[in-house]
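Dock chains L, R and F against chain U, hints included.
Residue numbers (my numbering), protein chains in the order written: chain U, 1 to 431; chain L, 1 to 160; chain R, 1 to 70; chain F, 1 to 298.
Hints listed in this document are in silico derivations from the structure and should not be mistaken for laboratory results. It is possible that part of the hints are untrue.
Under the rule of at most 25 Å between Cα atoms (straight-line distance), these lysine-lysine pairs were calculated in the PhoX-like manner [said to hold, decoys possible]:
{"hint": "1", "chain 1": "F", "residue 1": "Lys57", "chain 2": "L", "residue 2": "Lys91"}
{"hint": "2", "chain 1": "L", "residue 1": "Lys91", "chain 2": "F", "residue 2": "Lys196"}
{"hint": "3", "chain 1": "L", "residue 1": "Lys58", "chain 2": "F", "residue 2": "Lys38"}
{"hint": "4", "chain 1": "L", "residue 1": "Lys71", "chain 2": "F", "residue 2": "Lys178"}
{"hint": "5", "chain 1": "L", "residue 1": "Lys71", "chain 2": "F", "residue 2": "Lys80"}
{"hint": "6", "chain 1": "L", "residue 1": "Lys91", "chain 2": "R", "residue 2": "Lys31"}
{"hint": "7", "chain 1": "F", "residue 1": "Lys178", "chain 2": "L", "residue 2": "Lys160"}
{"hint": "8", "chain 1": "U", "residue 1": "Lys160", "chain 2": "L", "residue 2": "Lys58"}
{"hint": "9", "chain 1": "F", "residue 1": "Lys39", "chain 2": "L", "residue 2": "Lys61"}
{"hint": "10", "chain 1": "L", "residue 1": "Lys147", "chain 2": "F", "residue 2": "Lys58"}
{"hint": "11", "chain 1": "R", "residue 1": "Lys31", "chain 2": "F", "residue 2": "Lys39"}
{"hint": "12", "chain 1": "L", "residue 1": "Lys71", "chain 2": "F", "residue 2": "Lys38"}
{"hint": "13", "chain 1": "L", "residue 1": "Lys58", "chain 2": "L", "residue 2": "Lys91"}
{"hint": "14", "chain 1": "F", "residue 1": "Lys178", "chain 2": "L", "residue 2": "Lys58"}
{"hint": "15", "chain 1": "L", "residue 1": "Lys160", "chain 2": "U", "residue 2": "Lys136"}
{"hint": "16", "chain 1": "L", "residue 1": "Lys134", "chain 2": "R", "residue 2": "Lys31"}
{"hint": "17", "chain 1": "F", "residue 1": "Lys196", "chain 2": "U", "residue 2": "Lys4"}
{"hint": "18", "chain 1": "U", "residue 1": "Lys225", "chain 2": "L", "residue 2": "Lys91"}
{"hint": "19", "chain 1": "R", "residue 1": "Lys31", "chain 2": "U", "residue 2": "Lys136"}
{"hint": "20", "chain 1": "R", "residue 1": "Lys31", "chain 2": "U", "residue 2": "Lys181"}
{"hint": "21", "chain 1": "F", "residue 1": "Lys58", "chain 2": "L", "residue 2": "Lys61"}
{"hint": "22", "chain 1": "U", "residue 1": "Lys225", "chain 2": "L", "residue 2": "Lys147"}
{"hint": "23", "chain 1": "L", "residue 1": "Lys58", "chain 2": "F", "residue 2": "Lys39"}
{"hint": "24", "chain 1": "R", "residue 1": "Lys31", "chain 2": "L", "residue 2": "Lys58"}
{"hint": "25", "chain 1": "U", "residue 1": "Lys160", "chain 2": "R", "residue 2": "Lys31"}
{"hint": "26", "chain 1": "F", "residue 1": "Lys38", "chain 2": "U", "residue 2": "Lys5"}
{"hint": "27", "chain 1": "L", "residue 1": "Lys134", "chain 2": "L", "residue 2": "Lys44"}
{"hint": "28", "chain 1": "F", "residue 1": "Lys115", "chain 2": "L", "residue 2": "Lys75"}
{"hint": "29", "chain 1": "L", "residue 1": "Lys145", "chain 2": "U", "residue 2": "Lys136"}
{"hint": "30", "chain 1": "U", "residue 1": "Lys225", "chain 2": "L", "residue 2": "Lys44"}
Derived DEER-like restraints, expressed as beta-carbon distance ranges [unchecked claim]:
{"hint": "31", "chain 1": "U", "residue 1": "Val73", "chain 2": "L", "residue 2": "Glu110", "range": "32 to 38 Å"}
{"hint": "32", "chain 1": "U", "residue 1": "Leu324", "chain 2": "L", "residue 2": "Asp132", "range": "50 to 56 Å"}
{"hint": "33", "chain 1": "L", "residue 1": "Asp132", "chain 2": "F", "residue 2": "Asp37", "range": "46 to 52 Å"}
{"hint": "34", "chain 1": "L", "residue 1": "Glu110", "chain 2": "U", "residue 2": "Leu324", "range": "22 to 28 Å"}
{"hint": "35", "chain 1": "U", "residue 1": "Gly239", "chain 2": "F", "residue 2": "Glu46", "range": "52 to 58 Å"}
{"hint": "36", "chain 1": "F", "residue 1": "Asp90", "chain 2": "L", "residue 2": "Pro32", "range": "51 to 57 Å"}
{"hint": "37", "chain 1": "U", "residue 1": "Ala12", "chain 2": "L", "residue 2": "Gln77", "range": "53 to 59 Å"}
{"hint": "38", "chain 1": "L", "residue 1": "Pro32", "chain 2": "F", "residue 2": "Ala15", "range": "56 to 62 Å"}
{"hint": "39", "chain 1": "U", "residue 1": "Val90", "chain 2": "R", "residue 2": "Glu47", "range": "35 to 41 Å"}
{"hint": "40", "chain 1": "F", "residue 1": "Arg248", "chain 2": "L", "residue 2": "Ala34", "range": "45 to 51 Å"}
Even for Gly, the Cβ is constructed at its ideal location relative to N, Cα and C.
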Amino acid sequence: MQLKKIKGQMAAATCALLQVATPVANAAENDWDVDTAFLYYGEADGRVQAAEPAIYMGRNIGDDDRIDLRVVVDALTGATPNGAYAVNGVAQTFTTPSGESSYTIAPGDTPLDSTFRDVRVALGADYTQSLDRMSKIIWGANLSGEHDYFSMGVSANYSKDFNNRNTTLSAGVGYNNDTVKPGGGVPIEFAPMRDQGASQNIDGSSETKTIIDFMVGITQVIDRKTMVQLNLSLGTVSGYQNDPYKIVTVVDDPVAGLPSTAFLTANDLPYVFEKRPDSRQKSSLFLKAVHHLDEDVINASYRYYSDDWGIKSHTLDLKYRYELAASYLQPHVRYYSQSAADFYRHNLVLGTDINTAGDVLVDYASHDYRLAESTTTTLGLKYGIPMDDNSEFSVRGELITQSVNDGAVPAGQETPDLSAIMLQLNYSFVW
Amino acid sequence: MKLVKYSFFLAIVIFTKTAFSAIEDAPAIKLPTASGQIDLSSLKGKVVYLDFWASWCKPCKESFPWVHQMKETYKDQGLEVLAINLDKERKLANEFLDGMDINFVVAFDEAGDTASEYQLRGMPSSYLIGRDGKLYASHIGFREKDKAAMEQAIKDLLSK
Amino acid sequence: MKWLMSIFAALVLTGCSSMGVEPWERDLLAKDSMQLVPDYFDNFYDEHIYFSKEGSSGGQGVGGGGCGCN
Amino acid sequence: MKKTKARRLNLKHEAGYWHGRFMAMASPCEVLMEVEDKKLAARILEAVMAEAQRIEKKFSRYRDDNIIYQINNANSAPVKVDDETARLIDFADQLTQMSEGLFDITSGVLRKVWKFDGSDKVPEASAVNAVLDYVGWSKVTWQDQTLQMPAGMEIDLGGIGKEYAVDRCVQIARSLTKESVLINFGGDLATTGERKNKACWSVGRLITGKDNAVGLFQLNRGAIATSGDAHRFLLKDGVRYSHVLNPRTGWSVPNAPHTVSVAAPTCVEAGMMSTMAMLQGEQAEEFLKLQEVDFWLD
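Just chain U, with the same shape it has in the complex (with noise of 0.2 Å):
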């Protein structure tokens, strides 16, 4: 045989074998969208001070189905108010919510229950099943146990779009039913407080409410760079309400506000369980908007919220996200301001509100500071650097300020403000 130069032919015989496609990247990419978060929570003056890692997990099931999966650790320790107030130049003893010991609280110090502490546990799934290309279905599940406190609950939100996605509809039902387990029992609404180491005023050991929510709304596109949201929810909760370590004052004397010393027997405090109404029905009003700058994004939403119980709310929160050459910085602002449950009191009035056969001749009466007329105003700051590869890390630091007016009430007597910080990191990637 001749030797020959067959390196062009080759080459050319090479280029027609190998010129296939490489079918490589097939299907779409099921990878898990990972976000894990830790959350510090602390209150100053020795209140409530919580660490809440947590985890969350997503993945597309198929072209358009999705799960999620939430796993939040929730542990607090510190005190919070049992809902006595300070008083100048009287110091008051309390009976644990166990009824075996007590403590006692200064002279104008504000009581705190320094006893609770807490881990709690909660789970959420969520299950995105696609009707078809315009409308879907998420179905949700919830769990939370602590040691007193237990809630499970069910949501389903179908959302339809329409007009090529630029409007989208969706409503909403959840159902939600909690049972609180107190340490020491149920106390009996409007019943005394009582000595340590006596028989205390309980009835029962657990109780439960249920939740049941609606939603409508409504999503739609404005422009290239703006998208606004409306929601419409309705909520109704019956059953037990009361918070069970809440008690209210009992005085003799309104002008001084003292705690009574002519109530009942040797064994009572002057102090009874609170009762709030067994039903609540609320309503809110959700606004959104999202507006893209030229680089820059600012997230603006506002909350009406009125409910039967009295309290009416405005929410406003703003986020400017600050685009930095490789990272962003978002500052946070947000107000919050609520006015009073009408059932809202500073104490019970021996003789008015109450008479000394125990009978408290009022309906109902809280004085949780949840209740009263308040401001709450956040500042507060976030740093993310998002990475090439899908991942991002984020850190982000709030300062929260509550003050409650509690009107007019005795010198020395308001309810302090409450001032608490919150730290937060972040991290999420593709796995």
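The following block gives chains L, R and F in isolation, referenced to the frame of chain U:
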């Protein structure tokens, strides 16, 4: 005018599922590519798979290997693929394409004019144009489960 | 509540179909930062904290799970 | 029911790159990836592994569930093959023409009489001639993606398969990363492109039976393939019979080099060039010089 447009799409939706017959002429396309210009009319005589995509659209990305494969499999039978990029900035499209192994022509339509001509209703959108330059089928989105039907449509039109 | 409902209905019925963008103009809307809830846990923690410190809650959606928070 | 557990990848980080290993096509396979991200490296390795296994499964002549088995057991019936198989057969067809019949995918049946076990069992001429009736690409009808072959003949794409797999995997790796990836399937290797900072992949050239690398290639692009196997021969009356068989005569090619390595843009070209060189016997070196390729021969 509105009625005409509407009937145009109605027909397409129906015909995707039944026998093939031409609807109307495919709107003209004259767009820049990385190396020059492409004119749809120059592809007459071939079956054209027209693919509208953008770098920010996830299913578009997922469709690329499949489109690549279709071209490879059916080019000998006369399939041509024209992928029209609808990014507002060509830089974004180029970043997306960088390092990708593609065997089809990518044209750039920053203004989206051809997209309006073709009355896109979703991203990605694809159209099948016959050898006669007429529009035969359209498809919105890209899903695993649609692949087989889309390939069948290509095959049917090639053998028509 | 009734007036809210009627505002809502009016918003749904009017105008919406004339607003919006073409499918190929969603480049900015597709960004993570342009989602209604761009930061999952920021939102989650906020809701959780304010739920336990304020007299009102909810509005963004249904479900979520209660707690005996103080 | 057998449940397969998620495979654990053999993936290690070495000086500036990820190094993945697996076994396929009866060879140790390696993938070197100059990427940062371990997940990306794992994805590339998995894709390469899957492709190697796919090709092995599809073209191995040791299986009874693939196209090669169908063809070899068609008993003279025509067999229509898929596109990929057709491209490989087309390629083999062209090689046969280029080599004037020295390269022939039907030559595998000669192994029935030639067993290269290091012994002196050189077959009888009559036995070789008997088998030779079943060798010869010219006896095969190949058109319209359909192959028709007399009963008793067999084809074997093994001579192209490994190099083809390397090049396919290079394409896959390129579609997954811009960074340089080196694919090495049992000594046939190729890169996807140049490394960072003009660095080269250092590739040791191992001769079977010797412990140390006899040469070090500095590969910055393209491919290198090696033919030959120092272990496979027969020795009789002082004559060494190499395992390279001439399909026209049915006899071992005299004075074929032990091994030939060739560098080329693709692994297929490199591999076919070295195979062709082996088939030239003592003219191997001359042949390679004529092709103006880089080569190593001993």
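Hint-by-hint comparison with the structure:
1. F/Lys57 / L/Lys91: Violated - the C-alpha atoms of L/Lys91 and F/Lys57 are around 42 Å apart, more than 25 Å.
2. L/Lys91 / F/Lys196: 24 Å, holds
3. L/Lys58 / F/Lys38: Satisfied, since the Cα-Cα distance of roughly 23 Å is no more than 25 Å.
4. L/Lys71 / F/Lys178: 23 Å, holds
5. L/Lys71 / F/Lys80: Between L/Lys71 and F/Lys80 the Cα gap is close to 22 Å, so the pair holds against 25 Å.
6. L/Lys91 / R/Lys31: 17 Å, holds
7. F/Lys178 / L/Lys160: 40 Å, violated
8. U/Lys160 / L/Lys58: 20 Å, holds
9. F/Lys39 / L/Lys61: Distance ~19 Å between F/Lys39 and L/Lys61 Cα, so the pair holds.
10. L/Lys147 / F/Lys58: Holds, at roughly 24 Å.
11. R/Lys31 / F/Lys39: 24 Å, holds
12. L/Lys71 / F/Lys38: Cα-Cα ~32 Å, so violated.
13. L/Lys58 / L/Lys91: 18 Å, holds
14. F/Lys178 / L/Lys58: Since the Cα atoms of F/Lys178 and L/Lys58 sit roughly 20 Å apart, the hinted pair holds (cutoff 25 Å).
15. L/Lys160 / U/Lys136: 38 Å, violated
16. L/Lys134 / R/Lys31: With a Cα-Cα distance of about 36 Å, the restraint between L/Lys134 and R/Lys31 is violated, given a limit of 25 Å.
17. F/Lys196 / U/Lys4: Between F/Lys196 and U/Lys4 the Cα gap is close to 38 Å, so the pair fails against 25 Å, i.e. violated.
18. U/Lys225 / L/Lys91: The given pair, whose Cα atoms are some 20 Å apart, holds under the 25 Å limit.
19. R/Lys31 / U/Lys136: Judged against 25 Å, a Cα distance of about 21 Å means the pair holds.
20. R/Lys31 / U/Lys181: Distance ~45 Å between R/Lys31 and U/Lys181 Cα, so the pair is violated.
21. F/Lys58 / L/Lys61: 29 Å, violated
22. U/Lys225 / L/Lys147: 33 Å, violated
23. L/Lys58 / F/Lys39: 20 Å, holds
24. R/Lys31 / L/Lys58: 11 Å, holds
25. U/Lys160 / R/Lys31: 21 Å, holds
26. F/Lys38 / U/Lys5: 44 Å, violated
27. L/Lys134 / L/Lys44: 10 Å, holds
28. F/Lys115 / L/Lys75: Status violated; Cα separation ~45 Å.
29. L/Lys145 / U/Lys136: 18 Å, holds
30. U/Lys225 / L/Lys44: Measuring from Cα to Cα gives roughly 39 Å; hence the hint is violated.
31. U/Val73 / L/Glu110: 32 to 38 Å: At roughly 49 Å between Cβ atoms, L/Glu110 and U/Val73 fall outside 32 to 38 Å, so the hint is violated.
32. U/Leu324 / L/Asp132: 50 to 56 Å: About 54 Å separates the Cβ atoms of U/Leu324 and L/Asp132, which means 50 to 56 Å holds.
33. L/Asp132 / F/Asp37: 46 to 52 Å: 48 Å, holds
34. L/Glu110 / U/Leu324: 22 to 28 Å: 27 Å, holds
35. U/Gly239 / F/Glu46: 52 to 58 Å: 54 Å, holds
36. F/Asp90 / L/Pro32: 51 to 57 Å: Violated, at about 37 Å.
37. U/Ala12 / L/Gln77: 53 to 59 Å: Taking Cβ atoms as reference, U/Ala12 and L/Gln77 lie about 22 Å apart, which means the hint is violated.
38. L/Pro32 / F/Ala15: 56 to 62 Å: 45 Å, violated
39. U/Val90 / R/Glu47: 35 to 41 Å: 39 Å, holds
40. F/Arg248 / L/Ala34: 45 to 51 Å: At roughly 50 Å between Cβ atoms, L/Ala34 and F/Arg248 fall inside 45 to 51 Å, so the hint holds.
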